[in-house]
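Given next are the chains, with one letter for each unit.
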Amino acid sequence: MRDSVGNLVRLRLVYLARLREAFSSAGERLELAPHDAPTVAAVVATLRARGGAFESELAPGRAVRFAVNQRLVRADHPIADGDEVAIFPPVTGG
Amino acid sequence: MRDSVGNLVRLRLVYLARLREAFSSAGERLELAPHDAPTVAAVVATLRARGGAFESELAPGRAVRFAVNQRLVRADHPIADGDEVAIFPPVTGG
Amino acid sequence: MPVRVQSDDFDGGAEIAKLRTADRSVGAVVAFIGTVRDLNDDAAISELTLEHYPGMTESALQEIVDEAKARFDIRDALVVHRVGALAPGDQIVLVVVTGAHRGMAFDACEFVMDYLKTRAPFWKKERREDGERWVEARASDDEAAARW
Amino acid sequence: MPVRVQSDDFDGGAEIAKLRTADRSVGAVVAFIGTVRDLNDDAAISELTLEHYPGMTESALQEIVDEAKARFDIRDALVVHRVGALAPGDQIVLVVVTGAHRGMAFDACEFVMDYLKTRAPFWKKERREDGERWVEARASDDEAAARW
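Chains as they are written, first to last, in this note's numbering: chain W, 147 to 240; chain U, 147 to 240; chain G, 924 to 1071; chain P, 924 to 1071.
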């Protein structure tokens, strides 16, 4: 049973603006490897490990912003099963 | 000859808003007594000496504003023959 | 004309559009509209009369606009101020400032209003149930103008 | 509705009038209109496309408006933001704030814009002669938002 080593975390990822183009995707379903206290940073680490555009766009030092369930959060924000996690560049509206 | 003791100073006085009502006058011609370096303050002193509303409205400490030839000035602003001197309460537009 | 004094009402939207579309380098428009409130110091106002100093008003407003243009990196500025008898809800004054970016446009618009409140020769007289009275200048307006 | 996201243009004058006349205690209206400039970093812009995060946009704007109402003594606030393809000179965003007095209305309007610029999920893409590029966030916007 997965819950013995961590919670099952199935996420809906949303990519926006430059990241949507760089990843050639508006989003995807992601099942996070079992993790004790999963955060946005764990999602980023998982994506980065894919290499390619994910690795370069999400490299440390790149300005990236996050929203969990459509609210702005920091990378240390906890996530839970069923969350919508959006990853995007700093906003430039107005 | 008056110029031996000071310049002849004939002014057009303008009273506005509360002062216009208090003086029951929108303005008047005033010939200032000969004076070496006449300023707005000399005009105010002349009016104040009349007593009544002039004395009370222009009493020291009352908030009064001045314009010479339609530009805001302080009481120590010099005046010259032919000037228009306006005396009014602090402005409250907008 | 960048400054106007008139008894007629003004169309804020049309004035904003005129200034905005006259210059394609404009990226930010800040507008202020001052209106007659129905209450002042908790007393109901039935009428507000704006008196001014006809010879001086336009030049005082123009000087304020010129000063705003000298101090702030803005594209253009407009001031329209009404005089005469107004009712609660009526528009009194419009200030529109255009600029390439918003920061300077906000600052310039607030500067124009703060200076107008302390340097433009307008006076307000309120009619209330218990009679008429001249509106007193507010110390907060002097403080606001002193910031600049 | 105090916040709206739409591809259609808006009528700034009508929106201002609606907010202004809805409340007779209003004495001050501050409005901001952001528009598409014809130049950015000295390059001519032929088109600007606004992308947003549909699920989040309205709630992010609503949160900013609620925050402005909590922080400043204002009467009401409105935000209209456009999305989709825009041309130079087009209107992008409208913020209107009403208050009894001008100081708080100016502050609240600038606060809403500063927060919107850093917290509302909109992204601009410019089309220039040499192709398309995403507009980069400006450090000055972060600094402006950090003031509040």
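Honestly, the hints are just simulated from the structure, not real lab data. Keep in mind that this is a model prediction, so the values were computed, not measured. Even for Gly, the Cβ is constructed at its ideal location relative to N, Cα and C. Errors might be hidden in some of the hints.
In the DSBU-like style, the derived pairs of lysine-lysine whose C-alpha atoms are separated by at most 30 Å in a straight line are [unchecked claim]: (1) G:K941 - P:K1048; (2) G:K941 - G:K992; (3) P:K941 - G:K941; (4) P:K941 - P:K992; (5) G:K1048 - P:K941.
Chain G is faced by these chain U residues, among others (derived, beta-carbon under 8 Å) [said to hold, decoys possible]: (6) L162; (7) A163; (8) A191; (9) F234; (10) G239.
Here is how each hint holds up against the structure:
| no. | hint | in the structure |
| --- | --- | --- |
| 1 | G:K941 - P:K1048 | holds (27 Å) |
| 2 | G:K941 - G:K992 | holds (18 Å) |
| 3 | P:K941 - G:K941 | holds (20 Å) |
| 4 | P:K941 - P:K992 | holds (18 Å) |
| 5 | G:K1048 - P:K941 | holds (27 Å) |
| 6 | L162 | holds (6 Å) |
| 7 | A163 | holds (4 Å) |
| 8 | A191 | violated (23 Å) |
| 9 | F234 | holds (7 Å) |
| 10 | G239 | holds (2 Å) |
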